[in-house]
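There are 2 protein chains.
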Amino acid sequence: MSSARQLHTISGRFRMEHGGSLVDPVIAYETWGELNFQRDNGVLLFTGLSPSAHAASSNEDPSTGWWEQMLGPRRPIDTTKYFVICVNSLGSCFGSTGAASINPETGEPYRLDFPVLTIEDIAIAGQRVVESLGIKRLHAVVGASMGGMTAIAHSILFPEVADGLVSISGAARALPYSIGLRSLQREMIRCDPAWNSGNYPLGKSPIDGMRLARKLGMLTYRSTAEFEQRFGRERVPEERQTGDIFGIDFEVESYLDAHAKKFIGTFDANCYMYLSRAMDLFDVADHGGSVEYGLARVGARRALIIGVETDILFPIKQQREIADGLNKNGREVDFRAMPSLQGHDAFLVDMDRFRPALCDFFNCTMNQPGALRTAS
Amino acid sequence: MSSARQLHTISGRFRMEHGGSLVDPVIAYETWGELNFQRDNGVLLFTGLSPSAHAASSNEDPSTGWWEQMLGPRRPIDTTKYFVICVNSLGSCFGSTGAASINPETGEPYRLDFPVLTIEDIAIAGQRVVESLGIKRLHAVVGASMGGMTAIAHSILFPEVADGLVSISGAARALPYSIGLRSLQREMIRCDPAWNSGNYPLGKSPIDGMRLARKLGMLTYRSTAEFEQRFGRERVPEERQTGDIFGIDFEVESYLDAHAKKFIGTFDANCYMYLSRAMDLFDVADHGGSVEYGLARVGARRALIIGVETDILFPIKQQREIADGLNKNGREVDFRAMPSLQGHDAFLVDMDRFRPALCDFFNCTMNQPGALRTAS
Numbered sequence: 600m601s602s603a604r605q606l607h608t609i610s611g612r613f614r615m616e617h618g619g620s621l622v623d624p625v626i627a628y629e630t631w632g633e634l635n636f637q638r639d640n641g642v643l644l645f646t647g648l649s650p651s652a653h654a655a656s657s658n659e660d661p662s663t664g665w666w667e668q669m670l671g672p673r674r675p676i677d678t679t680k681y682f683v684i685c686v687n688s689l690g691s692c693f694g695s696t697g698a699a700s701i702n703p704e705t706g707e708p709y710r711l712d713f714p715v716l717t718i719e720d721i722a723i724a725g726q727r728v729v730e731s732l733g734i735k736r737l738h739a740v741v742g743a744s745m746g747g748m749t750a751i752a753h754s755i756l757f758p759e760v761a762d763g764l765v766s767i768s769g770a771a772r773a774l775p776y777s778i779g780l781r782s783l784q785r786e787m788i789r790c791d792p793a794w795n796s797g798n799y800p801l802g803k804s805p806i807d808g809m810r811l812a813r814k815l816g817m818l819t820y821r822s823t824a825e826f827e828q829r830f831g832r833e834r835v836p837e838e839r840q841t842g843d844i845f846g847i848d849f850e851v852e853s854y855l856d857a858h859a860k861k862f863i864g865t866f867d868a869n870c871y872m873y874l875s876r877a878m879d880l881f882d883v884a885d886h887g888g889s890v891e892y893g894l895a896r897v898g899a900r901r902a903l904i905i906g907v908e909t910d911i912l913f914p915i916k917q918q919r920e921i922a923d924g925l926n927k928n929g930r931e932v933d934f935r936a937m938p939s940l941q942g943h944d945a946f947l948v949d950m951d952r953f954r955p956a957l958c959d960f961f962n963c964t965m966n967q968p969g970a971l972r973t974a975s
Numbered sequence: 600m601s602s603a604r605q606l607h608t609i610s611g612r613f614r615m616e617h618g619g620s621l622v623d624p625v626i627a628y629e630t631w632g633e634l635n636f637q638r639d640n641g642v643l644l645f646t647g648l649s650p651s652a653h654a655a656s657s658n659e660d661p662s663t664g665w666w667e668q669m670l671g672p673r674r675p676i677d678t679t680k681y682f683v684i685c686v687n688s689l690g691s692c693f694g695s696t697g698a699a700s701i702n703p704e705t706g707e708p709y710r711l712d713f714p715v716l717t718i719e720d721i722a723i724a725g726q727r728v729v730e731s732l733g734i735k736r737l738h739a740v741v742g743a744s745m746g747g748m749t750a751i752a753h754s755i756l757f758p759e760v761a762d763g764l765v766s767i768s769g770a771a772r773a774l775p776y777s778i779g780l781r782s783l784q785r786e787m788i789r790c791d792p793a794w795n796s797g798n799y800p801l802g803k804s805p806i807d808g809m810r811l812a813r814k815l816g817m818l819t820y821r822s823t824a825e826f827e828q829r830f831g832r833e834r835v836p837e838e839r840q841t842g843d844i845f846g847i848d849f850e851v852e853s854y855l856d857a858h859a860k861k862f863i864g865t866f867d868a869n870c871y872m873y874l875s876r877a878m879d880l881f882d883v884a885d886h887g888g889s890v891e892y893g894l895a896r897v898g899a900r901r902a903l904i905i906g907v908e909t910d911i912l913f914p915i916k917q918q919r920e921i922a923d924g925l926n927k928n929g930r931e932v933d934f935r936a937m938p939s940l941q942g943h944d945a946f947l948v949d950m951d952r953f954r955p956a957l958c959d960f961f962n963c964t965m966n967q968p969g970a971l972r973t974a975s
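Residue numbers (the working numbering), protein chains in the order written: chain A, 600 to 975; chain B, 600 to 975.
The shape of chain A in the complex, shown without the other chains (with noise of 0.2 Å):
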């Protein structure tokens, strides 16, 4: 465990909004910069599908962090003016509860006795932890990917608390083709000898089933035009190739591989499976009977909605539908289309893209010529 990490039990009986119930469920997070005295300087961020609550460095741990190079002293979630918190979410394998965790009531794992996990209980899950922290309104409530799923899903359930909005590469509510992507990677999974209907040995999440399914990942997550520059019809150098009739050629195959081999081993199979399952099951319409209706109810007075003209998974119209949905409801909206080349994956690569949208609407003085320099 990382020295950053904190935990927030939450006591009791903790109902999921699809039925079950968890006793004592644990969210780790881990939080950045200080709250203010008006204690209105917080920022809530919810992850994607795989990270942990690692965003960036800090003293406590100063390995670099998911969001790195946007979060911190002078970035454009400037942590000297915000008090950020980012959640492990509810189901995942970074310190909260999930399918990989003890059962206080059988004291054996969950495994696949987990209740039936949703973006809201993600959400709901995350207040929980802001409260405990004696914080009554948050300055924003931010994610990408899954993330803007639950951004959105928090602006909902809970609209007092978060005066901003940012979604990004999110959606209103999943695809069927993003739906059978992911079904598909779960399939992998479970055909998977290894997986032994989600009773493998803890922290021996089966190798082929997750690898096949961080593979489908991968080509979901970027772009077309992305592999094309990158890989072009490059075959792999001889002393890389295995000899097998149908192994590594190509470098894109190569690409794949070492990629999808170093998620493997960091996640644990079921807890993958279950929020997979989460952002088939996210539908805005479940609040207030329709996409414009679940849109409406939301809290959040500003809104910076990002998507990317490039991404397959969450496909660029997702992000215009939410924008067009808050716009109705006299909200302050930005919403941005990047170009980006990496897809789905721009958030966390395409940097020069992503900085200035976010610097913007935090009010970050780093787009000012000199300004990084001068301040630091």
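Be careful, since some hints might not be right.
If chains are identical, the list can't say which one is meant, so a pair holds when it fits in one copy or spans any two.
[Claimed, not checked] Once the Cα atoms are required to be at most 16 Å apart in a straight line, the calculated EDC-like pairs of lysine to aspartate or glutamate come out as:
1) LYS916 x GLU825
2) LYS916 x GLU827
3) LYS735 x ASP639
It should be emphasised that the hints constitute simulated quantities derived from the structure, not laboratory data.
Assemble the complex: chain A is given as a structure, and chain B must be docked to it using the hints.
Just chain B, lined up with the frame of chain A:
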């Protein structure tokens, strides 16, 4: 074996382009219509990865073919005018020699001892059938998807043979994104313990691996827009739900599952992998040093090149690249960009758009009002 199927044995040693050879390989084919006295009304049709040579029904085999609406009397490729030959690709498993065939030199199935297969090998084997029929000149060579690649290869390797070239949703070379997807499909099969390094009992291809690969295929053969229109977020009726927490819930999951199960048992897994890999390896630049020089070698004088705007697997810019390359060399090129929703598979489904295009190229009469009725 269907009664329309004919077999041609290519006697002797058939040398493969990437090394290795086959002894007396067999090519299965079907024909429709009659060869005219001048022997110049032949049309050679190459298939995509999965179909047999049974492109259309006939007296000998009245079952519906895979391109039934395109091929036949008074159809766009009018078999009262043309003598159409459709070949089952070398390397496939519907009568032609492939990895599931017996190697006459050993008396055992080839399995992974089958040599590396290329699109060029498929084109050459098809040409051997044409020659066996006493045909020196073809009216056209035609193909879609993998067949669109093969038709181009044929026109490069045998520039004197076909006067016309029809390449639908094909490519001058595989893109890294498409290679990544196909590589992952092959890996799904290889990860299935039942694959057993290619040594499964013949006729018993690994079920899980083939089902996963086919599902990914189906997700890449269609478009996000079509999935949305067809399935939305519809749930399967309760009586068809499995009760399993990760079982089939959405209609899109049910659709993928039903169609993938149909595919299993009809296609040999090793053959699938050889054909899939052949597409990855295809690069017109191998003929002349660049795609431009390769396309300059195409012998056809007239060409119809069709692409579909929603195609993920063979994006439309790849067909534009072919059309542009052919245009440079003074050919008569008709390039059509189809706005079909059905993506890569549109040529099998969106007949209202594809029929007129083929009809124009083959000078059929069906587009004239009443032609279909008066002619029959």
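Evaluation of the provided hints:
In the homo-oligomer, the alpha carbons of LYS916 and GLU825 lie at most 16 Å apart only across protomers (15 Å), although the nearest pairing inside one protomer, at 20 Å, exceeds that limit. Proximity of LYS916 and GLU827 under a CA criterion of 16 Å is satisfied inter-copy only: 12 Å between copies versus 24 Å inside one chain copy. For the homomeric pair LYS735 and ASP639, the shortest alpha-carbon distance inside one copy (8 Å) is at most 16 Å, but the shortest distance between copies (83 Å) is not.
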